[in-house]
Amino acid sequence: MTLVIFAFVFWLAAWRMNVVLANSAASETRLVKLVVPVIFGFTILVVWELIVRGLNVPLVILPPPSIIAETFLDKLPILWKDFVQTFVKGALSGYLIGCTAAMALAILVERFDFLRRGLLPVGNFLAALPIIGTAPILVMWFGFDWHSKAAVVVVMVFFPMIINTVAGLSETTAMQRDLMKTYSADPWQGFIKLRLPAAMPFIFNGLKISTTLALIGAIVAEFFGSPTLGMGFRISASIGQLALDMVWAEIVVAAIAGSAFYGIVAIIEKGVTFWHPSQRG
Amino acid sequence: MTFVTNDGPVHALSDVNLTINKGDFVSFIGPSGCGKTTFLRALAALEEPTSGTIHVNGQTPDQARQKRAYGYVFQHAGLYPWRTISGNVKLPLEIMGYSKSEQLRRTDEVLRLVELEDFSKKYPWQLSGGMQQRASIARALAFDAELLFMDEPFGALDEIVRDHLNEQLLELWQRTNKTICFVTHSILEAVYLSTKIVVMSPRPGRITDVIESSLPVERPLEIRDSPEFIEIAQRVREGLRAGHGSE
Amino acid sequence: MRRSFFPIIVVIAGLLAIWYAAVVPMNIKMALTAAERSGITVTPVGAKERRDRSAMLLVVQNTFAIKETFALERPRLPAPHQVAAELWNSTVNKKITSKRSLVFHGWITLSSTLLGFAIGTGLGILLAIGIVYNRAMDMSVMPWAIASQTIPILAIAPMIIVVFNSVGLQGIFPKAIISAYLSFFPVVVGMVKGLRSPDQVHSDLLKTYNASSTEGFWKLRLPSSMPFLFASLKIGIAASLVGAIVGELPTGAVRGLGARLLSGSYYGQTIQIWSALLMAALLAAALVALIGLVQRLTLNRMGMS
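Chains as they are written, first to last, in the working numbering: chain A, 38 to 318; chain B, 211 to 457; chain C, 100 to 404.
In case anyone wonders, no lab produced these hints; they're calculated from the structure.
Check each hint, because a few of them may be wrong.
Claimed, not checked - Using 30 Å as the maximum straight-line C-alpha spacing, the simulated DSBU-like pairs for lysine-lysine come out as follows:
#	chain 1	residue 1	chain 2	residue 2
1	C	LYS318	C	LYS306
2	A	LYS307	A	LYS230
3	A	LYS245	B	LYS332
4	B	LYS331	A	LYS307
5	B	LYS406	A	LYS218
6	A	LYS230	B	LYS332
7	C	LYS333	A	LYS245
8	C	LYS333	A	LYS307
9	C	LYS292	A	LYS307
10	A	LYS230	B	LYS331
11	A	LYS218	B	LYS277
12	B	LYS310	B	LYS331
Please work from the sequences and hints to get the whole structure.
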């Protein structure tokens, strides 16, 4: 019980510290902007640990962070193999194939107004559907291994990617297009020098969204069938064995992978679209 | 030229007959909706006339466009934010296939002409509106075109900057000997810059007066207080009022 | 919209045509095996012979079997009319209370979706208001809200179900929690953006009227946030639906669209899978369209459309 009280006190103290920091003169500095959410996150972990231990919550309901960390370090080899199977083989390959295909089709669609007017509403419609439902079908067609997971990822990233790319390619103003006309530029020059750079902010928006979709697609697709390997497989198998600490360890891997993937794309975005108002802050 | 809009046909331009000679600086002045921008765009083959003919350098506007016979400056600089200033000036040169060394030479030359040589590595958003517009003019001068079409290029700038740019433009014109077609709202600007002033009026767009300017080629800003200047400005004003009154 | 009507029809017709055309090579091997079993001569003879042959070649060599590819019981790729027929069968032709009715299963999934969506959206809006008006909350929580969108939350859906089951909460509630969580963060991020969207000139005007914070909220921030809110609601409800479906997977649930997908895949009932998927798609489309309708009505009334 003392642990619970301590958790409460800790929460209050940390919150107080954050309030002080947020309202202080230094609140606009990068350091404080980093420290405050870190304190918040850390507090949640501490409170979690203390409450779970204080109330003696059974391990099969909610393990404390310390046990999760222990399992994580302990089972690192298995976690790594799962990561390679799901992320590298499934999610990453599907991401690359899906995004490339979507961008290629988008370039084609954007050239022909008729196609654009027909395909875009249909694409928007399809993007809102529960694409993950195609997983069982794709497992049936491509088998249990990572190929079907890659296929699910391709389908999942395809529509957001094509919508964003087409939107980006159409983003040029009439004036910019007129300028190209006065130079008597041929369509290819117009594409490379104007439409493609102008489309980059949109394309990267799609690429960032797709990173999350890729990981989700690969993991959830494994719920529908997988060899005895992979993050999704490990999660559902561990649930069956009530080994929730392993489940949480996999989630930690997924969280790290997801944010790292997104972060890398965001960094590339900053480099390519440095000129866009949203990047200039 | 007739446009069809949701509210019925709009006669943008009718009965326009005009001859422009090489080396002229022609201003088009008139209230909004008089068709001056439309006319300029028709010259540049950015619009198609529904009837009548236009000859640019003895060819149709589109042929002239394909031969890259003119440079166009829009109301807004329209610089590509992902290119530096020199990158932006190089844009037409790259498209038109000039060699790398030629590109460098011309870019340097033309940036010096508009006094932006120190800013060649900067990006458009780092420059003021006036400087961006100067870069846009430099871009239009970079390649060999005898014609320069300018659509209210200084309209978005404040008066002090505008005066300065007017002076620079005159100097540029004298040095490069191009034929310039210039659309503006401002009587002062039109009279100060041009050898010929075309006064237009709206609905339908037509020419009410063509004034051959008697001002000398060398024009310091003070000339705006001279009696000849004021006389020409009066004539322009009358032309504008006449066009307005006949609605 | 009207201008795009014709191209949309053409595109949809084109996609359907491609679908129909794909049925033939996808199902040819199965059709030929069935034909052989009923005594017809097939070129080449023997399923083993055919296994590694290209599908297109087999089609060309056995054109008589093309009709059969459209009528298999467990095809690799069901034809559109087969899916439509199954959909019709399991919705209109079945009693709503029957275990085979897609309306029944659809409702199970829909109820979790709606409950979760309501919870997630409600809490999300409250948190968004907290973030916009409290600086400490803004700086602590917002980075996590944004970061959480990069984490595949859906992966823990099975665990949530199991944990809730072991404390005695079953059925709709655990699934609703997943749905709530999936719609929560998009709504928070979107609503914060919306509440912060008014131009400086608008807030300055209110300051000159000496308006209080609360008045500023009701008269300026909340109305300005409507477009952003509706955009997030559309994302949120689609996510909630996916959450409810995935929530039905882990424990081998027997009710709901996710359960139908799962059992279809276990028993190789491909047409069942496709019709359940189509039902889920129709549900998603209807929900998003509904929100779109509310959006249009609301924004019209506010003069913001």
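Hints, verified against the model:
1. Distance restraint check for LYS318(C) and LYS306(C): the Cα-Cα separation of roughly 12 Å lies within the 30 Å cut-off, and the hinted pair is therefore satisfied.
2. With a C-alpha separation of about 19 Å, the suggested pair LYS307(A) and LYS230(A) falls inside the 30 Å cut-off, and the hint holds.
3. Simply put, LYS245(A) and LYS332(B) have alpha-carbon atoms about 29 Å apart, close enough for the 30 Å limit, and the pair holds.
4. Proposed proximity of LYS331(B) and LYS307(A) is supported: the alpha carbons are some 19 Å apart, at most 30 Å.
5. A threshold of 30 Å between alpha carbons decides the hint, and for LYS406(B) with LYS218(A) the separation of about 28 Å falls inside it, so the pair holds.
6. Simply put, LYS230(A) and LYS332(B) have alpha-carbon atoms about 19 Å apart, close enough for the 30 Å limit, and the pair holds.
7. Note on LYS333(C) and LYS245(A): the hinted pairing holds, with a Cα-Cα distance of about 19 Å set against a maximum of 30 Å.
8. Between LYS333(C) and LYS307(A) the CA atoms are separated by roughly 28 Å; this keeps the pair inside 30 Å, and the hint holds.
9. For the hint pairing LYS292(C) with LYS307(A), the CA-to-CA distance comes to about 21 Å; that is within 30 Å, so the pair holds.
10. For the proposed pair LYS230(A) and LYS331(B), the alpha carbon gap of about 18 Å is at most 30 Å, so the pair holds.
11. Straight-line distance between C-alpha atoms of LYS218(A) and LYS277(B) comes to about 12 Å, which keeps the hinted pair within the 30 Å bound.
12. Using a Cα cut-off of 30 Å, the hinted pair LYS310(B) and LYS331(B) holds, with the two alpha carbons roughly 17 Å apart.
Going through the hint list in order, the structure satisfies each hint without exception.
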